[in-house]
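Please work from the sequences and hints to get the whole structure.
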Amino acid sequence: MIHRLIAETIDELGIREKTIGVAPVGCAVFIYNYFDIDFAEAAHGRAPAMATGLKRTLPDRVVFTYQGDGDLAAIGTAEIIHAAARGENITVIFVNNAIYGMTGGQMAPTTLPGMKTTSSPTGRDVELQGWPIRMSEILAQMPGASYVVRRSVHDPGNINKTKKAVKAAFNVQLNQAGFAMVEILSSCPTNWGVSATDALKFVKEQMLPYYPLGDYKVADAVKNLVV
Amino acid sequence: MARGTIAIDENRCKGCELCTTVCPKDLIHMATYFSARGYRPATLVDPNGQCTGCLLCATICPDVAITVYRETKPAARQAVPA
Numbered sequence: 001m002i003h004r005l006i007a008e009t010i011d012e013l014g015i016r017e018k019t020i021g022v023a024p025v026g027c028a029v030f031i032y033n034y035f036d037i038d039f040a041e042a043a044h045g046r047a048p049a050m051a052t053g054l055k056r057t058l059p060d061r062v063v064f065t066y067q068g069d070g071d072l073a074a075i076g077t078a079e080i081i082h083a084a085a086r087g088e089n090i091t092v093i094f095v096n097n098a099i100y101g102m103t104g105g106q107m108a109p110t111t112l113p114g115m116k117t118t119s120s121p122t123g124r125d126v127e128l129q130g131w132p133i134r135m136s137e138i139l140a141q142m143p144g145a146s147y148v149v150r151r152s153v154h155d156p157g158n159i160n161k162t163k164k165a166v167k168a169a170f171n172v173q174l175n176q177a178g179f180a181m182v183e184i185l186s187s188c189p190t191n192w193g194v195s196a197t198d199a200l201k202f203v204k205e206q207m208l209p210y211y212p213l214g215d216y217k218v219a220d221a222v223k224n225l226v227v
Numbered sequence: 001m002a003r004g005t006i007a008i009d010e011n012r013c014k015g016c017e018l019c020t021t022v023c024p025k026d027l028i029h030m031a032t033y034f035s036a037r038g039y040r041p042a043t044l045v046d047p048n049g050q051c052t053g054c055l056l057c058a059t060i061c062p063d064v065a066i067t068v069y070r071e072t073k074p075a076a077r078q079a080v081p082a
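As you go down the protein sequences, you meet chains A and B in turn.
Just so you know, we're using our numbering here: the first sequence kicks off at 1 and counts up by one.
Just so you know, we're using our numbering here: the second sequence kicks off at 1 and counts up by one.
Don't read these hints as lab results, they were simulated from the structure.
Nothing here was measured: the structure is a model prediction, and the numbers come from that model.
Treat the hints loosely; a few may be bogus.
Using 30 Å as the maximum straight-line C-alpha spacing, the simulated DSSO-like pairs for lysine-lysine come out as follows [as the list claims (entries may be wrong)]: (1) B/Lys14 x A/Lys116; (2) B/Lys25 x A/Lys161; (3) A/Lys201 x A/Lys164; (4) A/Lys204 x B/Lys25; (5) B/Lys73 x A/Lys164; (6) B/Lys14 x A/Lys204; (7) B/Lys25 x B/Lys73; (8) A/Lys204 x A/Lys161; (9) B/Lys73 x A/Lys161; (10) A/Lys164 x A/Lys18; (11) A/Lys201 x A/Lys161.
Structure representation (C-alpha cells):
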C-alpha cells in the first residue's frame, strides 16, 4: 500500500525522471525492483546518510528514503537524528510495523509492551527490554526538521490521509524547505502470526493508542504546502 | 441501476480479504475456487447492481488488483452550463 502511495505521488508530481530513492535493509530491501526510478541501496540504517550525500551532490534531484522501524529506529537511529538536526532537504518514509520483518519477526525498538515476537516469546518486558521508541515525537524536537507527521494505513480513510502526507513531504523537498518525515503505521500479518484483516485490527486497537496519529511538526515555512 | 462495478485481476489477488472488510454494501466475497496462483481470489457478487464505484476496495487493496469503473451520467442529466 505504501509503495503504491509513493509511486502515485511521484507520478502526480511528474518527478519520475529526477527522483532517486534510497532503499533500506529490511522488508523493503527489494523496493528498487518495484519502482521505475533510480535507486541506491544503503547499508543497514544508513539511508539518511546516503540520501544526504546524494542530495548534496545532486541538489536538483528529489531524494527519498524508505525505511522500516528496524532500520530507522534501531541501527539507524543516529543517522536519522543527525540528518534531521542538520535539516537535510530529503524526504523520509518511515514504515513502523513494530517488528523486524525480514529477519523473522524479532523484537524491534518499536515493539509494543507485552507483544510477543520470536525474540520475546513471553511478550516484551519493559523492565528488561525498555519502552518502545516514538520516533516522530523525537524528531519533531529537532530545529532542522520541517515536517514530521504520523499516519496509518489501516482503513481507506487513513490511506487517503497518508497519501496527502506523502505528497506534502515530497512538496517540502521540492520547495527546498528542509527535512520531512512521514511515519506510517503498517501491519505485518506474517510475523505477527495473524490474518491480514486481524493485522489491520491490531494496528487500530493496539498500535494507535501508543503511537497517536497527528502532525508533530509542521514548520511555518511549509504550512502552505500541506493540503 | 448499476452506477459502478469493479474488475478483480485474479492473477494479482493474493486472497488477503481486506477488500471484503471495507465494502459498504458487502458485495465482495472470496471465491470457492483457486486461482492459477493458488489463492482463493476475491470476487464481486452484485446481482442487484448495488456497486457505486466508491473506490474503498481499490484503495485498501495492497496488490493493486482492483479496477473500478463508474457509469457516466447520461448527457441529459448533466448540468447545463449557464
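Hints, one by one, checked against the model:
no., hint, result
1, B/Lys14 x A/Lys116, "26 Å, holds"
2, B/Lys25 x A/Lys161, "23 Å, holds"
3, A/Lys201 x A/Lys164, "23 Å, holds"
4, A/Lys204 x B/Lys25, "22 Å, holds"
5, B/Lys73 x A/Lys164, "29 Å, holds"
6, B/Lys14 x A/Lys204, "23 Å, holds"
7, B/Lys25 x B/Lys73, "21 Å, holds"
8, A/Lys204 x A/Lys161, "15 Å, holds"
9, B/Lys73 x A/Lys161, "29 Å, holds"
10, A/Lys164 x A/Lys18, "21 Å, holds"
11, A/Lys201 x A/Lys161, "18 Å, holds"
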